[in-house]
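The residues making up each chain are set out below.
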Amino acid sequence: MKFIDENGFRKDGRKCDELRPTRISAGVLPNANGSALIEQGGNRIIVAVYGPREIHPRHLARPDRALLRCRYHMAPFSVPERKSPAPSRREIELSKVIREALEPAIFLEEYPRTTIDIFIEVLQADGGTRVASITAASVALAEAGIPMKDLVTAVAIGKINGTIVLDLNHEEDQYGGGDMPIAMMPILNKITLIQADGLFTYDEIKYGLELAKKGIDKLYKIQREALRKIVEVTK
Amino acid sequence: MVIFKKNGSLVYPCSLLAEGNYKTGIGVYRENNRFFSSFLGYFKKDYNNTLNVVPIKSVYVPVVGDIVIGKIIEIGISSWTVDINSPYNGILQLSETISRPIDLVKTDLREILNIGDIIIAKVIVFDLTRDPLLTIKESKLGRVREGYMLELSKEEKLSERKIKDIEEKFKCSIVVGKNKRLLIIPKKNEKALSAIEYIIKNIERGRFK
Amino acid sequence: MKTHSIIPLLRKKTLLTLLNKGERKDGRTFNMYRKIEIQTNIIKSAEGSAQVRIGNTIVLTGVKLNLGQPYPDAPDQGVQIVNAELIPLASPSFEPGPPDEDDIELSRVVDRVLRSSETIDLNKLSIIRGKKTWIVYIDIYILNHDGNLFDASVIASVAALLTTKIPKIEIVNENKIKITEEKVDLPIRNLPVSVTFSKIGNHIIVDPCYEEELLSDAMITVGIDSENNICTLQKIKEGCFKPDEILDILKRAINVGSKYREKYLKKLLEKS
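Protein chains in written order, with the working numbering: chain A, 1 to 235; chain B, 1 to 209; chain C, 1 to 272.
Any given hint could turn out to be false.
Chain C residues, not near chain A, derived (Cβ > 12 Å throughout) [claimed, not checked]: (1) Y33; (2) S91; (3) N175; (4) E213.
Computed cross-link-like contacts, BS3-like style, restricted to lysine-lysine with a CA-CA straight-line distance of at most 25 Å [as the list claims (entries may be wrong)]: (5) A:K96 - C:K237; (6) B:K57 - A:K229; (7) A:K213 - A:K15; (8) A:K214 - C:K251; (9) A:K229 - A:K149; (10) C:K242 - A:K149; (11) B:K44 - A:K149; (12) B:K44 - A:K229; (13) A:K214 - C:K242; (14) C:K251 - A:K213; (15) B:K6 - A:K221; (16) B:K6 - A:K149; (17) B:K23 - A:K149; (18) A:K149 - C:K237; (19) B:K6 - A:K229; (20) A:K218 - C:K242; (21) B:K5 - A:K229; (22) B:K44 - A:K221; (23) A:K221 - B:K57.
These are calculated hints, taken from the structure and not from any lab test.
Glycine included, each C-beta is placed from N, C-alpha and C at the ideal position.
All chains should be modelled from the sequences, with the hints used to inform the complete structure.
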């Protein structure tokens, strides 16, 4: 299947190093301490942050820092074939991987014996949901007033028709030759998530990392913009 | 010694604030000689070279000496658990409520304070390894018999003058808890509700900065 | 047992001092594996099996096959299902119960190493297009946890698959097949290996033992196929890596991985 035409354009009209149109709104759920909605291509994902708050059951509490819990879940109507609401193995793995991507950025030591809970609901899925979730969750955490070292910003690199491209959509992910989600704390230049599935050479990964950084820098600006907007509304 | 942000400017987590020989206050962390913000908030440099970022939003973490407005949520054998609008629940021990000696066998704690009661209390012990201890033994502290409790969701700073204005206007008395809660005690019944509506409306519009 | 997963601070200090000098507690260099032992065909009730020891980590993989229906979107391919269990007898820190996030992550990463490298030639497992195919169940049992469950599981799975025999199928007509007495090898087309790294402070070491895993801020598992392509990557734990640390890790993985593929897996191939 051909995904890139002779002029270097992908099926949705993008170039190989282009992100899908992305919009983030913060403070969308009044009950949560922090929240954000991300719309990226066909992805529509909402994140709520509750905490720091008391932890139940008590024995899980850590004496020296807050616990971070994360639940990634896809709504049954988020994909073409209805998905069962019960957590799948994939959702369990992604919940862990997303938590481990956000944890390095949070000053958990500021709130010992509490928990910070992150709830991610994918309302509409179009490829790259884990990285979009991380990008939105960082905004929700910052909006909740949780102290962070940096925001975490994420994007997925992929390989289609032998070419490394930025920000795979669902079709490109399904039929392409590999995907590599990457999350970073952009200013501190630290990678907090990296996975790969497919076949990549060392050089392809090297190039993929550079391409990812470019996409991440653009998304970082969008994250900050979402936070700036909440402050404006207050005024 | 360089400062990169103006006092009062909006900063984000990891905004570079300054480089040099400064001190870290609230919301600021340091890597080598550089100082970064950890919150979405406003940058504030103190006169003694302490850098702070006042967060737009944050949870209340108790500080010894704070006056807080609490709600009784659990009754134990010789203490109550108090919700003080914090990730840390307050503990009020029997010995911190009444000065005279109590016979535990004969006394039902519910007669002193019951679940749902509102109290004005003071934090007397808190280190992050255990829950904060409260007292209501001092003057102006104790169970609230009549009034309305309001929870503030943003970082409001209600000036004393503003409080006095509202108190006069609506004929009530207001107690401001450090834990982002307000108590409005009416002197004449009807006016209290309008005081609350007035406060809520103005907070929403950010007029109490 | 919580106490098993808390390292005394004194011990932590000792291990860190050693690392700062370029040494590890068992005398290994940063790129060395512990002793690897592979035994195959130990479980007679399974079509294929292998037990691998890396140091004191012991992993047993059993391969069983069943006839069944292919997935609707891959009508002429076999089915591969990987399941890993960190069973309670393997460590004081494992609790009995349904698979948790660690069991699931291990299963899915091993599955990706095998799938992306096309270890099993799934195309050759189809019997009647759209109707009948072989389903390969790869069940990984952790018997003793002393660190680096990922690499041990991958080696055990590949070794078990290499020595798996399946009955030869005769197609009578489009609705009927005959299972013969003759046995053939499971069609294998790649020999992937995985190399797991652990980051402790600024030191990045290969094949961490349990204590080293507890001390590490972050870990990463790299899957390499026979052509030295990277077929899997998985960063684990709450720390982070700098981009050039990742690139250095990839180079080391290709180097170390191809060496131990030569040493251990190719031998198995020759034997069978």
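Verification of the hints:
Remark: the non-interface label on Y33 of chain C is consistent with the geometry, its nearest Cβ contact in chain A lying 21 Å away (cut-off 12 Å). Every CB of chain A is more than 12 Å from the CB of S91 of chain C (nearest about 19 Å), matching its label as outside the interface. No beta-carbon of chain A comes within 12 Å of the beta-carbon of N175 of chain C; the shortest separation is about 28 Å. Interface exclusion of E213 of chain C from chain A stands, the closest Cβ pair being 14 Å apart, more than 12 Å.
Restraint check for K96 of chain A and K237 of chain C: the C-alpha separation of about 9 Å stays at or below 25 Å, so the hint holds. A distance of roughly 14 Å separates the Cα atoms of K57 of chain B and K229 of chain A; the hinted pair therefore holds under the 25 Å criterion. Between K213 of chain A and K15 of chain A, the direct Cα distance comes to roughly 16 Å. Compliance with the 25 Å bound is thereby established for this hinted pair. A hinted pair counts as satisfied when its Cα atoms are at most 25 Å apart, and K214 of chain A with K251 of chain C qualifies at roughly 23 Å.
Between K229 of chain A and K149 of chain A, the direct Cα distance comes to roughly 21 Å. Compliance with the 25 Å bound is thereby established for this hinted pair. Annotation: proposed proximity of K242 of chain C to K149 of chain A holds, straight-line Cα distance about 15 Å (limit 25 Å). Proposed proximity of K44 of chain B and K149 of chain A is supported: the alpha carbons are some 18 Å apart, at most 25 Å. With a C-alpha separation of about 21 Å, the suggested pair K44 of chain B and K229 of chain A falls inside the 25 Å cut-off, and the hint holds.
A threshold of 25 Å between alpha carbons decides the hint, and for K214 of chain A with K242 of chain C the separation of about 16 Å falls inside it, so the pair holds. Between K251 of chain C and K213 of chain A the CA atoms are separated by roughly 21 Å; this keeps the pair inside 25 Å, and the hint holds. A hinted pair counts as satisfied when its Cα atoms are at most 25 Å apart, and K6 of chain B with K221 of chain A qualifies at roughly 20 Å. With a C-alpha separation of about 21 Å, the suggested pair K6 of chain B and K149 of chain A falls inside the 25 Å cut-off, and the hint holds.
For the hint linking K23 of chain B to K149 of chain A, the alpha-carbon distance of about 17 Å falls within 25 Å, and the restraint holds. For the given pair, K149 of chain A sits about 18 Å from K237 of chain C by alpha-carbon distance, which is consistent with the 25 Å threshold. For the proposed pair K6 of chain B and K229 of chain A, the alpha carbon gap of about 20 Å is at most 25 Å, so the pair holds. Only pairs whose Cα atoms come within 25 Å are accepted, and K218 of chain A paired with K242 of chain C is accepted, the gap being roughly 19 Å.
The straight-line distance between the Cα atoms of K5 of chain B and K229 of chain A is roughly 19 Å, inside the 25 Å bound, and the hint therefore holds. Annotation: proposed proximity of K44 of chain B to K221 of chain A holds, straight-line Cα distance about 23 Å (limit 25 Å). Between the alpha carbons of K221 of chain A and K57 of chain B the distance comes to roughly 21 Å, so the proposed pair stays at or under 25 Å and holds.
Going down the numbered hints, you'll see the structure goes against none, and every one checks out.
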